[in-house]
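Protein chains in written order, with our numbering: chain U, 99 to 581; chain R, 99 to 581.
Worth flagging that the hints you see were computed from the coordinates, not collected in a lab.
For each residue, glycine too, the CB sits at the ideal point set by N, CA and C.
The reader is advised that the hints may include incorrect statements.
[Stated by the list, open to error] Here are the computed distance ranges between Cβ atoms for each label pair:
| no. | chain 1 | residue 1 | chain 2 | residue 2 | range |
| --- | --- | --- | --- | --- | --- |
| 1 | U | Thr134 | R | His136 | 53 to 61 Å |
| 2 | U | Ala412 | R | Asp396 | 50 to 58 Å |
| 3 | R | Ile402 | U | Arg380 | 21 to 29 Å |
| 4 | U | Ala412 | R | Pro445 | 40 to 48 Å |
| 5 | U | Thr134 | R | Ser191 | 54 to 62 Å |
| 6 | U | His136 | R | Arg195 | 42 to 50 Å |
| 7 | U | Pro554 | R | Ser100 | 43 to 51 Å |
| 8 | R | Arg361 | U | Ala389 | 41 to 49 Å |
| 9 | R | Ser191 | U | Phe400 | 44 to 52 Å |
| 10 | R | Asp396 | U | Gln224 | 52 to 60 Å |
| 11 | R | Ile402 | U | Asp223 | 41 to 49 Å |
[Said to hold, decoys possible] With the Cβ distance kept under 7 Å, some of the chain R side facing chain U (calculated, not the full set):
| no. | residue |
| --- | --- |
| 12 | Gly203 |
| 13 | Tyr285 |
| 14 | Pro379 |
| 15 | His385 |
| 16 | Thr533 |
There are 2 protein chains.
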Amino acid sequence: MSVLERLTARLTAVLPPDAVVTDPVRLRTYECDGLTVHRATPGVVVLPETTEQVAAVVRLCREHGVPFVARGSGTGLSGGALPRADGVLVVTSRMRRIVEIDIPGRRAVVEPGVTNLAITEAVRDQGYYYAPDPSSQQICSIGGNVAENSGGAHCLKYGFTVNHVLAAEIVTPDGDVVELSAGDPGYDLLGAFVGSEGTLGIATKITVRLSRAPEAVTTLLAAFTGIEAGGRAVSAIIAAGVVPAAIEMMDALAIEAAEAAVRCGYPAGAGAVLVVELDGPRAEVEHQFAAVERICRDSGAFEIRTAASAEERAAIWKGRKSAFAAVGRISPAYIVQDGVVPRTALPRVLAGIDRLQEEYGIRVANVFHAGDGNLHPLVLFDDAVPGERERAEIVSGRILDLCVEHGGSITGEHGVGVDKARYMPRMFTEDDLGTMQLLRCAFDPEGLANPGKVFPTPRLCGEAPGVRTGVHPLVEAGLAEQF
Amino acid sequence: MSVLERLTARLTAVLPPDAVVTDPVRLRTYECDGLTVHRATPGVVVLPETTEQVAAVVRLCREHGVPFVARGSGTGLSGGALPRADGVLVVTSRMRRIVEIDIPGRRAVVEPGVTNLAITEAVRDQGYYYAPDPSSQQICSIGGNVAENSGGAHCLKYGFTVNHVLAAEIVTPDGDVVELSAGDPGYDLLGAFVGSEGTLGIATKITVRLSRAPEAVTTLLAAFTGIEAGGRAVSAIIAAGVVPAAIEMMDALAIEAAEAAVRCGYPAGAGAVLVVELDGPRAEVEHQFAAVERICRDSGAFEIRTAASAEERAAIWKGRKSAFAAVGRISPAYIVQDGVVPRTALPRVLAGIDRLQEEYGIRVANVFHAGDGNLHPLVLFDDAVPGERERAEIVSGRILDLCVEHGGSITGEHGVGVDKARYMPRMFTEDDLGTMQLLRCAFDPEGLANPGKVFPTPRLCGEAPGVRTGVHPLVEAGLAEQF
Numbered sequence: 099m100s101v102l103e104r105l106t107a108r109l110t111a112v113l114p115p116d117a118v119v120t121d122p123v124r125l126r127t128y129e130c131d132g133l134t135v136h137r138a139t140p141g142v143v144v145l146p147e148t149t150e151q152v153a154a155v156v157r158l159c160r161e162h163g164v165p166f167v168a169r170g171s172g173t174g175l176s177g178g179a180l181p182r183a184d185g186v187l188v189v190t191s192r193m194r195r196i197v198e199i200d201i202p203g204r205r206a207v208v209e210p211g212v213t214n215l216a217i218t219e220a221v222r223d224q225g226y227y228y229a230p231d232p233s234s235q236q237i238c239s240i241g242g243n244v245a246e247n248s249g250g251a252h253c254l255k256y257g258f259t260v261n262h263v264l265a266a267e268i269v270t271p272d273g274d275v276v277e278l279s280a281g282d283p284g285y286d287l288l289g290a291f292v293g294s295e296g297t298l299g300i301a302t303k304i305t306v307r308l309s310r311a312p313e314a315v316t317t318l319l320a321a322f323t324g325i326e327a328g329g330r331a332v333s334a335i336i337a338a339g340v341v342p343a344a345i346e347m348m349d350a351l352a353i354e355a356a357e358a359a360v361r362c363g364y365p366a367g368a369g370a371v372l373v374v375e376l377d378g379p380r381a382e383v384e385h386q387f388a389a390v391e392r393i394c395r396d397s398g399a400f401e402i403r404t405a406a407s408a409e410e411r412a413a414i415w416k417g418r419k420s421a422f423a424a425v426g427r428i429s430p431a432y433i434v435q436d437g438v439v440p441r442t443a444l445p446r447v448l449a450g451i452d453r454l455q456e457e458y459g460i461r462v463a464n465v466f467h468a469g470d471g472n473l474h475p476l477v478l479f480d481d482a483v484p485g486e487r488e489r490a491e492i493v494s495g496r497i498l499d500l501c502v503e504h505g506g507s508i509t510g511e512h513g514v515g516v517d518k519a520r521y522m523p524r525m526f527t528e529d530d531l532g533t534m535q536l537l538r539c540a541f542d543p544e545g546l547a548n549p550g551k552v553f554p555t556p557r558l559c560g561e562a563p564g565v566r567t568g569v570h571p572l573v574e575a576g577l578a579e580q581f
Numbered sequence: 099m100s101v102l103e104r105l106t107a108r109l110t111a112v113l114p115p116d117a118v119v120t121d122p123v124r125l126r127t128y129e130c131d132g133l134t135v136h137r138a139t140p141g142v143v144v145l146p147e148t149t150e151q152v153a154a155v156v157r158l159c160r161e162h163g164v165p166f167v168a169r170g171s172g173t174g175l176s177g178g179a180l181p182r183a184d185g186v187l188v189v190t191s192r193m194r195r196i197v198e199i200d201i202p203g204r205r206a207v208v209e210p211g212v213t214n215l216a217i218t219e220a221v222r223d224q225g226y227y228y229a230p231d232p233s234s235q236q237i238c239s240i241g242g243n244v245a246e247n248s249g250g251a252h253c254l255k256y257g258f259t260v261n262h263v264l265a266a267e268i269v270t271p272d273g274d275v276v277e278l279s280a281g282d283p284g285y286d287l288l289g290a291f292v293g294s295e296g297t298l299g300i301a302t303k304i305t306v307r308l309s310r311a312p313e314a315v316t317t318l319l320a321a322f323t324g325i326e327a328g329g330r331a332v333s334a335i336i337a338a339g340v341v342p343a344a345i346e347m348m349d350a351l352a353i354e355a356a357e358a359a360v361r362c363g364y365p366a367g368a369g370a371v372l373v374v375e376l377d378g379p380r381a382e383v384e385h386q387f388a389a390v391e392r393i394c395r396d397s398g399a400f401e402i403r404t405a406a407s408a409e410e411r412a413a414i415w416k417g418r419k420s421a422f423a424a425v426g427r428i429s430p431a432y433i434v435q436d437g438v439v440p441r442t443a444l445p446r447v448l449a450g451i452d453r454l455q456e457e458y459g460i461r462v463a464n465v466f467h468a469g470d471g472n473l474h475p476l477v478l479f480d481d482a483v484p485g486e487r488e489r490a491e492i493v494s495g496r497i498l499d500l501c502v503e504h505g506g507s508i509t510g511e512h513g514v515g516v517d518k519a520r521y522m523p524r525m526f527t528e529d530d531l532g533t534m535q536l537l538r539c540a541f542d543p544e545g546l547a548n549p550g551k552v553f554p555t556p557r558l559c560g561e562a563p564g565v566r567t568g569v570h571p572l573v574e575a576g577l578a579e580q581f
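Using the sequences and the hints, build the whole thing.
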């Protein structure tokens, strides 16, 4: 009997009858998340319903030395929820209760499997919403949002998941149930936990901030002849002290794709479009709208449309929101990249991407959260053309180099996961990475919580720098393997 | 030759000639921070000028097994910078360079000894400022602000230090120089570092966000007959969707003290005053001002004054800002308490404080950041009256119990330091505290960085729960002491 079989027998004893999946066909449905290039069939899948069950699963994994990976809805784009063939996949989809809604306190307590949009739906009638809005918000889980510190089009003004999570009950890698809370005395472990991609434990209850729905929302579409002019408008808007709820930009190729897919009817001949959304008190929105419209015209916009109703707003957003999928209309395959650059470096980085297209003969469609410099280049390729996939992967990687060279980051909102672990050394020194691993080792000395993600070279915890440099006489004595 | 003497000799070799203080009279000037009830003369004081010098000091401390404490301007109110008689006090007052101001990127890079206000002064002419504003902002250091995650009257709208620090270069307890950056891939160690009260290392460069100065600022003073009516107004303002830059409340005793000290001329007969500041685009401020004025009247304000100029604004703030010191006019001595309660629990907690005053015969003046439920009760006593100090200390502690009972916290912005470590178990379970200590042990296994602060029962790192429960076979083998 293998370790995994012994563990499975024990899991069956502590979980409800249908909560342990071992059927190979059902296991296959969990083999990847939204990044389908990485696949692995999990050893066993569990579907716990309570915190106590999650804690029991984690304790059993530890007892057996078996790795575990948590999974929400599986919409992640960095392979953060890629299962382990030798491990347990802990799926939170049965933990979907909204535990408490506290309108006067402006907070809600939810289980990790609750979808992002379900929170907003539960409080919308009372004039509130949950602010972070990943494109997958209809299906993605709040637990996954916490693991990846998810963003969305509106995080320019409202921030990322970390800015909206007030507390969490987590199961640590050693099976303890612990409460983390923002602004508590002591260390802000909640801040470190959010975005830790499943390596520090599993959130079992999450307290989120509820935001008041704005009094007014106005959406504007501005068409430019090229992205340089659009970029100038973005800089000028921010420089004028306006913080829109969102500023999204699409280049000609992305517009072409969206047009082919959803007939969004963006202005003909546009080399770039900018979608700017303003929200807040009506007086403020009106004031800012006038400023944004003037700036767009001054920056060379040849057409400006304004949404006066929710329907018109949906029409403007339709092209943008469909952009990723739409690229399928103009290319058999593509890689969605996710990088960040300082807003001021946008023109130079976009010029660099242009040069890469020419150098490698690969097309790149640019869709981005322009306000915070978060690029989502879509690198197009055709598997039928020999070598094209390889060249697309090189271009995709070199775009990240460009981001880092300009003081940016290898990921804006999709996370590191399994996919970008290899890029971490481009951003961080060995000391930086070693310092991060100190935290991982403190929480998870045996490396069982989502191993293989985030860090390029997982090491034995005894090898972490603080130890290596001579803290532990035991290490010097050659006993490090025992840690 | 003692360990400290040997270390001092080595320090003298790596630091500039006048940067090592051993003269007993000069050492005494560092014996406490703003909380003077705790005092200790440091073993030796160093005044490094560069990151490399700080790293060299920390490495030497480690080599000799000597504890070190970092100190900025010494304005802290929880004894976080209380020196160790057996240790080194690392004073950052010579690290005062503003390294870089990047207006287009809205950030400044500064050394830790730079004062909070100096950042604003350096960018004010360009229309920017640094948002967090502790009352001590003219002298407190940004390094101390980072250690304590300092707040201020305006953090209701703008957040705490952690929301305005974008990156930090730190010297870890093992002497490595590491860069931490907000929103980077990997763990948000910056979030954990800010507010860690000197236990995870020493910040040597800090990158802060610069905020755009608001177009308009309006300050309003509303007088009520009692704090219940004032509290109702606060709730109604927040419920109306208005987020003022600040909402401060003072009760009758605090008003009496301020009147005696600075003749602030608040309305006669007021049982409570509310200072509400609104800022932002002019159109928004005007809109919100009308709402706040109406709500105050509806809640029973009998007089409302509005500042139309910077001078009138200063006059309104004068009473509030002098309140702590002013209490000296009506009482020989006092304890400044710092607790937090959910805004909705304010009336119940204030009623509880009233009962404590009666029960113990101790007067309490209430001054608070009402918008975010951060209370600063001033517990008055006279050392000439036998037993009064002791009763004041009991009342002060029981106020914290009240805060915790109502779902609040034992500190809002002054930190835990040495003073409140004993209260941590009132808020946290042993597992919670054990999980925090995992982080401390990971960074500082020998416990040399500001030991004795934050945690009530510092333990050997080998005893942390993750280890104790059987991770390390070495521990079970009785070798834990060697960690």
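Exercise for the section: With chain U as the partner, please determine if R:Pro379 meets the hint condition of a C-beta pair closer than 7 Å. Expected result: Interface hint status for R:Pro379: holds (5 Å vs cutoff 7 Å).
Handout entry: Outcome of range test on Cβ distance (U:His136, R:Arg195; 42 to 50 Å)
Key = 46 Å, holds
Exercise for the section: Kindly confirm whether 53 to 61 Å is satisfied by the beta carbon distance between U:Thr134 and R:His136. Expected result: The hint (53 to 61 Å, Cβ to Cβ) holds, given that U:Thr134 and R:His136 are roughly 59 Å apart.
Handout entry: Supplied distance hint 43 to 51 Å, evaluated on CB atoms of U:Pro554 and R:Ser100
Key = 45 Å, holds
Problem - Supplied contact hint for R:His385, tested at 7 Å Cβ to chain U - result: Check passed: Cβ of R:His385 comes within 4 Å of chain U, closer than 7 Å.
Handout entry: Status of the R:Thr533 interface restraint (C-beta, 7 Å, chain U)
Key = 5 Å, holds
Practice task
Classify the hint on R:Gly203 as holds or violated, based on whether any CB of chain U lies nearer than 7 Å to its CB.
Solution key: With a closest approach of 6 Å, the R:Gly203 hint holds.
Exercise for the section: Starting from the range 21 to 29 Å, see whether the pair R:Ile402 and U:Arg380 falls in it by beta-carbon distance. Expected result: 24 Å, holds
Exercise for the section: Tell me if R:Tyr285 is really an interface residue toward chain U, meaning its C-beta lies closer than 7 Å to one of theirs. Expected result: Holds, about 5 Å.
Exercise for the section: Evaluate the given range 40 to 48 Å for the C-beta pair formed by U:Ala412 and R:Pro445. Expected result: Holds, since U:Ala412 and R:Pro445 (Cβ atoms, about 44 Å apart) stay within the stated range.
Exercise for the section: Indicate whether the distance between the beta carbons of R:Asp396 and U:Gln224 respects the range 52 to 60 Å. Expected result: Distance hint for R:Asp396, U:Gln224 is violated at roughly 22 Å.
Exercise for the section: Kindly confirm whether 41 to 49 Å is satisfied by the beta carbon distance between R:Arg361 and U:Ala389. Expected result: Because 44 Å falls inside the window, the suggested range holds.
Comparing the model with each earlier hint shows violations of hints 2, 9, 10 and 11; every other hint is respected.
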